[in-house]
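Undergrad: Chain by chain, the residues run as shown.
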Amino acid sequence: MIALVDCDAFYCSCHIAFAPALTNSAVCVASNNDGCLISLNRQAKAVGLKMGDPLFKVQPLIKKHNAKVFSSSFYLYGDMSRRVMQVLSKFAPGIEFYSIDEAFLEFSGIGYDLTEYSSDIASTVKQWTGIPVSIGIAPTKTLAKVAARLRKKNLAGTGSVCEWQKLNNSNQFLEAMPVTDLWGISFRLGARLNRLGIHNAKQFKNASPAYIRSHFGVVLERTVRELNGVPCIPLELAPPPKQQIMVSRSFGEKLTHFDDIRAAVSAFATRAGEKLRRQSLYAQALNVFVQTSPFDTEKSHYANSATLFFGRPCQDTQQLSKAANQGLKQIFKPGLKYQKAGVMLLDLIPKTFGQASLLEIYEDNTTGNNVPLMSVIDDINRRYGQDTVRLGITNLSDRWKMKQSMLSPAYTTRWTDLPTAIC
Amino acid sequence: MLPFISPKFERRIIRLPLFLSRVPAGFPSPADDHLEAELDLNEHLIKHPAATFFVRCKGDSMQEAGIFNDDILIVDRSLTPRDNDIVIAAVGGELTVKRLVVKLGQPWLYPANPNYKPIQIKEGSELHVWGVVINAIHNVRQS
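For the record, the sequence lines run as chains A and B. So the first sequence is numbered by the numbering used here: it starts at 1 and just counts up by one. So the second sequence is numbered by the numbering used here: it starts at 1001 and just counts up by one.
There could be a bad hint or two in this list.
[Stated by the list, open to error] What follows is a list of derived Cβ distance ranges for each label pair:
{"#": "1", "chain 1": "A", "residue 1": "K50", "chain 2": "B", "residue 2": "G1093", "range": "26 to 32 Å"}
{"#": "2", "chain 1": "B", "residue 1": "F1068", "chain 2": "A", "residue 2": "D387", "range": "50 to 56 Å"}
{"#": "3", "chain 1": "A", "residue 1": "E298", "chain 2": "B", "residue 2": "I1137", "range": "54 to 60 Å"}
Because the hints were derived from the structure by calculation, they are not lab data. The model shown is predicted, which means the values in this text are computed figures rather than measured ones. C-beta atoms are modelled at their ideal positions from N, C-alpha and C, and glycine is treated no differently.
Looking at chain B on its own, in the form it has when it is part of the complex (with noise of 0.2 Å):
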C-alpha cells in the first residue's frame, strides 16, 4: 500500500499546550524547555481508527484470558488474524468472542473458560473472523 500522506481525521482536538506552565512576568519555569502533550489514550491503543469498533462482550466464557461480561472490547478490523489471537467470529449468525487455536492446520475456536467447549470449524464451512481483539476496558471499579 502507497503511504500517501492525507490529512489527519481527528477524533477529537488535542490541545497541545504551548507552554506547560504559564509564564508570569519575569519568572520563567524551568520546564519551560520541556514540552510535551498529554497522554492520549485514542493515540496509544488505536492505531487504525477507521477500522477500529468498540464491541460489548456478553458472557463469561473468556474469562480465563481476561476478559469478563460486559466489558467493552477494541476490536481492529485492519489486522490479519493469527494463531493464538482473540477474535471476534460470526459463528451461527451471531458476533461470538473466542480464542483462534490452528491445530494441524485446522482452525478452532476457543473458549478460556473450563466451562464451554471449543469450536471446531469443519471442512467446508467458512470461519468469518470479524476482527481481532487488541484490548478490553474492564471497570475495576464497580459503579
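The shape of chain A in the complex, shown without the other chains (with noise of 0.2 Å):
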C-alpha cells in the first residue's frame, strides 16, 4: 500500500504557522518577481481568488475580503519542507520526496489500521510543525494521488485521510473525474485521448493496456495497469544522480545593457558551479540562453542560446563564468529587451570518470580546476552566507535580481527575522 501525503496550500501554511489568528482567513502568496499569485489557501479560492492573478487586478477583491497577501520566502518553503519530510520518514520503512510539498510513503508490512495510522501521520505534521496535510492510501501511487485530490475537495473520506480501497463506489469518482486531472496525462496526451473517446479517468482505467501503449508508450500503460489497482511505478527512494543543472531567472525588469546580462549570467554560473561541486560532479558542456519576454507585443519575440564545450571536465566557477560570458557575447542582440537567461551545465559526470583528450595528460578530473581554491570560498560562503565570496564581474550589476521591496521574513533559517512572541 501506498500513502501520499500532501500539504495544504503549502506556502500560505507555512506563513499561517506562525501566525495562527489567520487560520480560517483567506490567505495567499504572491511571488516577488511579477506579483502573481502563487498559492491560495481554501478560504482565499472561496472568495474567488484564482492562481496566477496579477495582483494588481485583485487588489479590489482580496481589500472587499480582508484577505492577507504574502510575499513568497522560498527560504522558509524549503526549511518548513525539510521538517516536515523528516517528521514523515518517521513513519514508513520507504519514504520518496515527490516535490517541495508531496511525498509518497510506503505502507508495506505496517500492521495498524491505515487510515488511523494516517489520522495520526497527519495529526503529528501538523503540531510539530503547523502545517495541515491530506493523505491518499492506495495499492498504487496513481490511485494514491487520486484519493488525495478527493480528501482536498472534500469529495471522499474524512478529516485528513481517504483510503482508496474503504470506497463504496469509487469508479463513481473516476467517472466524474476527467483523464487531464490524472497523474501524468497533461493537457495535450489528453486531448489525444479525448479524439479516441476517453474522456474521463474510468474509461481510460477500462482501455486496453496493450492498446494505450502502442498508441501512447509504456509510460502511459502503466498508468491504465496502476489505476486499476496494480503497482508498476516504483517509489523512487534515492534520487536518480542528476543529467543536467540549470540556473535560470526572469529578471526583476527588463534589461537591455550588456554589463546588466553579464552580470546576471555570470550569477548564474556561480550558482550552477556550486550546485555542481556539491553533487561532486564535472561539467562538460555548458549553455546559455536570454529572450525577450514571449508577451511583448512591441517586438517579435527573441530567443536564443549558445552552447560551448570544455577542453576539460570543469567545476571552476571562473572558467564556468568565463565560458557563460563567451556564449552570452554570441547571442546578445543590442536594442533589445530581455526578460529572462538561463545558463544549464550538461554532459555531467562523477570525479573519476572522464576521458582524457589527446593532447593532454591528467590523473582525473580535477586538474584545472583549481579545488582548493572552490573548496575554501565553498566553506566561507556556507558559513557567512551566499556570495560572500564572489566574482567580480557579478558586482557589474544588480539589476537582474528580483524586487526585494515585498520580501517576507525568513523565520526559520535567519536570526534577524525570527518570529517573535510578546513576553
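From these two lone chains plus the hints, build me the complex, please.
TA: Quick look at the structure:
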C-alpha cells in the first residue's frame, strides 16, 4: 500500500504556521518578481481569487474580503518542507520526496489500520510543524494521488485521510474525473485521449493496456494498470543523479544593457557551479540562453542559446563564468528588452570518469579546476552567507535581481527574522 | 509511533576527529585510546529538530522565570504541554510567552512578574498552545 501525503496550500500554510490567527482567514502568497498569486488557501479560493491572478488586478477583491497577502519566501518554504519530510520519514520504511510539498510513503508491512495510522501522521505533522496535510492511501501511486485529491476537494474520505479501498463507489469518482486530472496526463495527452473517446478516468481505466501502450507508450500503459490496482511505478527512494543542472531567472525588470545581463549570467554560472560541486560532478558542456518576453507586443519574441564544450571536465566557477560570458557574446543582440536568461550545465560526470583529450595527460578531473580554492570559497560562503566571496563581474550590476521590497521574513533560517512572542 | 530508522538530517556536519591528537612519526599520544566527539549544543538542546523553532521574546513579563526581553527561546512543538510548563500561546491572535497553570481543572496563563496579571482561559474559548519553551538563550555579556 502506498500513501501520498500532500500539504494543504503549502506556501500559505508556512506563513499561517507563525500567525495562527489567520487559520480561518483568506490567505494568499504572491511571487516577488511579477506579483502574481502562487498559492491560495481554501478561504481565498472561496472568495474568487485564483492561481496566477496578478496582484494589481485583484486588489479590490482582496480589500473587500480582507484577505491577507504574503510575499513569497523560499528560504522559509524550503526549511518547512525539510521539517515536514523529516517527520514523515519516521512513519514509513520507505519514503520518496516527490516535490516540495508531497511525499509518497511505502506502507507495506504496517499492521495497523491504515486510515487511523494516517490520521496520526497528519496530526503529528500538524502539531510538530504547523502544516496541515491531506493523505491518500491506495495500492498504487496513481490511485493514491487520486485519493488525496478527493480528500482535498472534500469529495471523499474524512478528516485528513481518504483510503481508496474503503470507498464504496470508487468507480463513480473515476467517472466524474476528467482524464487530464490524472497524474502524468498533460493537457495535450488528454486532448489525444479525448479524440479516441476517452474523456474520464473510468474510461481510461477500462482501456486496453496493450492498446494504450501501442499508441502512447509504456509510461501511460503503467498508468492504466495502476488505475486497476496493479502497482507498476516503484518509489524512488534515492533520487537519480542529475543529468543537467539549470539555473535561470526572470529579471526583476527588463534589461537592455550587455553589462546587466553579463552580471546575471555570471551569477547563474556561480550558482550552477555550487550545485555541481555539492554533488561532486563535473560538467563537459555549458549552455547559456537569453530571451525577450514572449508577451511583448512591441517587438517579435527573440530567444537564442549557445552551447560551449569544455576541453576538460569543469567544476571551477571562473571557467564556468567565462564560458557563459563567451556564449552570451554570441547570442546578445543590442536594442532588445530581455526578460529572462539562464545557464545550463550539461553532460555531467562524476570525479573519476573522464576521457583524456589526446593532447593532455591528467589523472582525474580535478586538473585545472583549482579544487583547493573552490573548496575554501564554498566553505566561506556556507558559513557567512551565499556570495560572501564572489566573482567581481557579478558586481557589474544588480538590476537582474528580483525586487526585494516585499520579501517575507525567513522565520526559520535567519537570526534577524525570528518570529517574536510578546512576553 | 513506529520507530523507523531514517537517514539522519544533519543541521550541520559534525566533524568527528579520527584522532584527538596528530600522530607524528613514532610518538603516539596517551589520549589516542580515548576518542570522543566534540560537544555539540545542537544535540544537547534540540531533541526534535523538525519540531524545534527559535522565537524571540519581546517584553519583561517573564523575568522572574529567567526569561528576559530579547532572549531567544527554544520552542519544541512536539511536546504535550504540562501543568507549569512555560509555553508560547496564541492569545488574541498574537504569540505570547506565559506559564501554563491548571487551577481546579481550568487553564490559566501566568506571567512571572508582579506587574502583570494572569489570564484565565474561559469556558468556550480555545487555548491554542503553539509550543513548549524548553530553553531561553540569554546574552550575559552585553554587546
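Undergrad: Could you run down the list of hints and mark each one as holding or not?
TA: To see whether the hints hold, each was checked on the structure:
no., hint, in the structure
1, A:K50 x B:G1093: 26 to 32 Å, "holds, 27 Å"
2, B:F1068 x A:D387: 50 to 56 Å, "violated, 35 Å"
3, A:E298 x B:I1137: 54 to 60 Å, "holds, 56 Å"
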